[in-house]
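Order-wise, the sequence lines are chains A and B. Its first residue numbered 1, the first sequence is counted upward by one per residue in full-length UniProt numbering. Its first residue numbered 1, the second sequence is counted upward by one per residue in full-length UniProt numbering.
Among the clues, some could well be false.
[Said to hold, decoys possible] With a straight-line Cα cutoff of 20 Å, these simulated DMTMM-like cross-link-like pairs (lysine to aspartate or glutamate) come out:
#1 K257/A to D103/B
#2 K257/B to D103/A
#3 K257/A to E206/A
#4 K257/B to E206/B
#5 K257/B to D451/B
#6 K257/A to D209/A
[To be verified] Here are a few chain B residues that face chain A, going by a calculated C-beta distance under 7 Å:
#7 S27
#8 E29
#9 L97
#10 L144
#11 D145
#12 L155
#13 L156
#14 Q157
#15 G192
#16 Q289
#17 P332
#18 G333
#19 P344
#20 V345
#21 L358
#22 P362
Since the hints were made in silico from the structure, they are not lab data. Note that CB positions come from ideal geometry on N, CA and C, so glycine has one too.
Number of protein chains: 2
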Amino acid sequence: MLIELDRTSTVPLYRQIAEQLRARISSGELVPGTRLPPERRLAAVLGVNRTTVVNAYRELAADGLIVGHVGRGTIVADPSRLHEPGTPASGIPWPQLFTPATDVMNDPLLQDTMLVSSRPDVITFATGMPAPELYPIATMRQLLDEALHQAGQSLLQYCPAEGYPPLREALASWIAPSGMRFGPDDVLVVAGSQQGLYLLARALLEPGDIVAVESPTYLGALQVFRAVGARLLPIPVDQHGMRVGLLEDVVARRRPKLIYTLPTFQNPTGTTMSRDRRERLLALAARYQVPVIEDDPYGALRYAGESIPPLAALDQHGVVLYLSTVSKILFPGFRIGWIAGPRPVIERLAILKQIVDLDTNPLAQWAVWAFITRGLLDAHLERLRRHYPERLERMLAALERYATGVLEWTRPAGGFYVWCRLTDGLRARDLLPEAARRGVAFAPGESFHPDDAGTGTLRLNFTFPPVTAIEPGIARLAEAVQALRSIRLNGEGSRRARVVAPIV
Amino acid sequence: MLIELDRTSTVPLYRQIAEQLRARISSGELVPGTRLPPERRLAAVLGVNRTTVVNAYRELAADGLIVGHVGRGTIVADPSRLHEPGTPASGIPWPQLFTPATDVMNDPLLQDTMLVSSRPDVITFATGMPAPELYPIATMRQLLDEALHQAGQSLLQYCPAEGYPPLREALASWIAPSGMRFGPDDVLVVAGSQQGLYLLARALLEPGDIVAVESPTYLGALQVFRAVGARLLPIPVDQHGMRVGLLEDVVARRRPKLIYTLPTFQNPTGTTMSRDRRERLLALAARYQVPVIEDDPYGALRYAGESIPPLAALDQHGVVLYLSTVSKILFPGFRIGWIAGPRPVIERLAILKQIVDLDTNPLAQWAVWAFITRGLLDAHLERLRRHYPERLERMLAALERYATGVLEWTRPAGGFYVWCRLTDGLRARDLLPEAARRGVAFAPGESFHPDDAGTGTLRLNFTFPPVTAIEPGIARLAEAVQALRSIRLNGEGSRRARVVAPIV
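This is chain A alone, in the form it adopts within the complex (with noise of 0.2 Å):
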C-alpha cells in the first residue's frame, strides 16, 4: 500500500499523509519498531513540502503512534494501544497465520517508484505499458457492442478453463508465420501471462527448486518464483541476451528444473538473444531434458533489423513452453494471455487454471478473437511499429544531448525499453528521490536483478509518455544525475547511502 495524495481534496495534504500511515500501523502493516522514511525523502518522494511531512509525523507522535529516537529516527511505537474505540479486537493473531509462500516482502524501491510515477506533474519512464492513446477504444467499443448482441448470455456465462475454443484456434494460427507450430488444443489462453507464469511454476516447481533466470529479468517472474519456493539461479545477459555458455558451464552441478528466459527484446534490458545462443540453448535444454519458458510479450514489436526465430519455432523436442500476451501489444485491462506448448502440459495447467480462478472472462476472449481474426491485430501492430520508433529515436537523441558522459545507454531493436548505467559508481535508488523532485520517474535496475547486483542500471520507457515529453523528461533526469553527483561530491552521498530499505 502506498501513500496516494488527493490534490483535489479538502483535507490538507499533511492530514492525508497522517491518516494513510496511521491505517498501516492499525492494520500492524507498519510494526512497531519499523523506521519510517526521513522526512526530506518522504517530502521528495510525494512531491510534497518537507513542512508538510514534519506536520503529518508530529500528528502521529502526538497520537503516540510514532516516536521519535536520536540517531535512530522516526519508529513506529507499541501498537497494543492502537484500537480505535468501537473496533472489536481481533480474536485471530493473523501475521502468525500466513504461510511462507505469502511472506514476498513488497520492494520498497518500487514502492517508491510506482508512487513518483502515478504523480500528476511526474513524467514518468518508469511503466511498461503501452501508448494509452494508441488503443483502439472505438474498435472496442463496437466489438463489445456486436458481442453482448449477438451472443450475450453465452458470453456471460462459464467457459471451458482451456479458454473459448475459437480464440485457442486463432492464437494457434496467429502466432503460425513465426514459425510456431501449435494447434488449438496446445494453446492454453490465461489471465494475463502473469497468470501463465504462476500456473507454469505451480505445475513445475517445488521448495527448493532450481531455476536459472536472465540476470536482470522481469521482477513478475521473479516474485512468481520465489512465492512457490524456488531458488534463482542468475544467469548475466549481455548485448546478445542470456550468456548461455554460463548456463552450460553451471547446468550439470545446478541441475536446474526450469529454465526462464525473455529471449526477444528483453525486459528489462531491450537486448535480444542470438541465433547461435537460442540453438545452444535449446540443445542444453533438450540434453538436460529442462523446460524453457519462453516469455515473449514483445516479440511482434521489432523497429529494426531482421528477426530471429522464437525458441519455439526453433524447438525440436518439445522442450519448450511458450508464453505471451495481448498487454504489451494492445492494452493490459483486457487481462489475455496464453501459453503454447505440448499437450501434456497444456491439460495439466487447464486443471489448475479451473482451480485458482475456473476460467478467463469470456467477452474479453471474444474481443481478443475477433479482433484477431479481422485482421486488427495484425494493423494496430503496424500502427505501432510506426509510432514507437519515433519514441524510441527521441528518447535517443535527448539522452546524446543531455546525458552523455554521465549515463550509458543501449539501442534497442524493438520492445519498450532502453536500458541505462549511471557512470562513476552512483546508485540508482539515490537517484530516486533527486528525479522525483524534478518531476521525473525511471524504474531502478536492481529490482529486476535476482541477486544484489544492478544498483547503478535504470529502466526507460518509452512508450507510455506523451511523446512530446520524452525529451524534457530525460532532460530532467540528467538535471537529477548531476545534481546527485554533486551531492556526492560535497560528501552528503556516503551519509545517505546508510539509509536502508524506507518502508514507504
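Model the placement of chain B on the given structure of chain A, informed by the hints.
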C-alpha cells in the same frame, strides 16, 4: 477433456469419438492400461447408438491403440508406438515433472455429468448457473459503451491488485445493510470467488493442515483445499446447516487451521445454518482462534422466511473472512468476486493476488461498480426473487407428482438447489446413464462429499433450465429412477456396480 460431438459436422460421430480418444491416448492423458468405459455406458452418456461406439473402438483397435481383454474390458495399449509421423518426439518426460500440487484427478463422474449436460437434447439440472434469459444484457451493453467512451484509456490499463477503488467502496456499502461493517480497504476484488478461495487457501494453509468443511460442500472448495495439500475434516450438514456440535466435539483434538462454510442456501443441499449454530460456530472459532471462511454466493436470493444475519455480521472477534461473487446474482462471465475481512488478511491477499495474476479486469469492475451504485443490482435481485420461486415451485410440484416414493427432497428457502435422495439404496452414479438416455442431467451428490458418503444423493438446479422444461425434465428423471429400480430388481445392478471409475 471431454468427448464433445459436433452433430452438425460432416465427420461421422464414430470418427469424432475415435479421433478424440486417439488424441487423449497420444497426449498421455489416457495412460497404457487405462480401461475405457463399456460401450453401452459411453453410448448412453454421449446419446449415440451403441454401434457408433463399437465402430469407434474398432478403429482404435485396428490402429493398435486399444486392445480388448476378456474380463478386463477395453484397455489402452502400449503408447510407445503412438507418435504420429512428423510430430517431434518430446525430449521431456512431462508426467514425471509435474508437482504433486497439480496431481488432482479430474472426477470422471463429473466429466460424465458435464458431458451429458452439454447435449442439446438434454434438460439439465446439473449446472450452478443463473437463468441466462434474465441477464441484463442491454444494460451491460450500455454500461460498457459508456465506460469505454468516458474512461477507455484508464479502464483498459492495469489497475491496483486490491481492485478498482470505487468498486471496493461500493461493495463495502452494498453489503452494509446485512449488518456487515467493512470499509473499502477491508475489501479485496478477486477474479471470481474461486480465486478468492484459492488465495485464502494459499495464504492460510500448508500441506498437512486440517480444514473443517461441510459434508457435502462446494466441490471447487474441495479441489482448492486438496491442491494446497490440506486434509479435510468433514462435518455433516442437516436441515439446520453444519452440525456445529460435531465440530465442537473434535476441534480440540484435530485443531483445524480453517473452517469453511456456506451457511446460507448451501451448495449443494440448499439448507441454511440456524442463528443459534452461527453463534456457536463463531464462539468456537474465537475460542480456538480458527479463521472461518463464510462463502455466501446465494445469500441475496431468499424466497421465503426471515433472513438470518451472515456470520460476518454476527462476528465480534474478527474471525470471519467473507467471500462472495456476482456470478450467481448477475452472471459468471465478468469473473468478479470479493473478499471482505480484517485488513491484515486483505493486504496479505493483495500481495498474493499480484503474484497470481496482477489484477482484475478493470472494465468489468467498472461495470459492476456502475450496476451497484446506480441501484441496478438491487432492482435485478428483486426481479430474480420474483422469477426463481416460480421455478422452484414447478420443480417441487413435479417431484411431488412424478417422484413421490422413489425420491426424497428438500424445500429450500432460497438459492439455486433442491437436494434429493434416492430411496432403496440406489446410487446416483448408476442413475446418470439412465437419465442421459432419457435426456435429463443432474449433479451426483457424491462429488460434493469430502468423504465417500452421499452415493444416493443428487443436486437439482432450478434456475438455469427454461421454466417450461422443468416439469418434463423431472418426469424424465423419475422415469430414469424407475428404470434403474427395475434393472436392480432384475439383478443387473450388482454387475454394474463393479464398474469402477470409468474415465470418460
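Status of the hints after comparison with the structure:
1. K257/A to D103/B: Measuring from Cα to Cα gives roughly 18 Å; hence the hint holds.
2. K257/B to D103/A: Holds. K257/B to D103/A sits at ~18 Å (cutoff 20 Å).
3. K257/A to E206/A: Between K257/A and E206/A the Cα gap is close to 9 Å, so the pair holds against 20 Å.
4. K257/B to E206/B: 9 Å, holds
5. K257/B to D451/B: 19 Å, holds
6. K257/A to D209/A: 6 Å, holds
7. S27: 4 Å, holds
8. E29: 6 Å, holds
9. L97: OK, holds: L97/B within 7 Å of chain A, min 6 Å.
10. L144: Cβ of L144/B sits 5 Å from chain A, so the hint holds.
11. D145: 6 Å, holds
12. L155: Holds, about 6 Å.
13. L156: Cβ of L156/B sits 4 Å from chain A, so the hint holds.
14. Q157: 6 Å, holds
15. G192: 6 Å, holds
16. Q289: 5 Å, holds
17. P332: 5 Å, holds
18. G333: 4 Å, holds
19. P344: This interface hint holds because 4 Å falls under the 7 Å limit.
20. V345: V345/B check passes; min Cβ-Cβ to chain A is 6 Å, inside 7 Å.
21. L358: The hint holds - L358/B has a Cβ within 7 Å of chain A, the shortest such distance being about 5 Å.
22. P362: For P362/B, the interface hint holds, since the closest Cβ of chain A sits about 5 Å away, which is under 7 Å.
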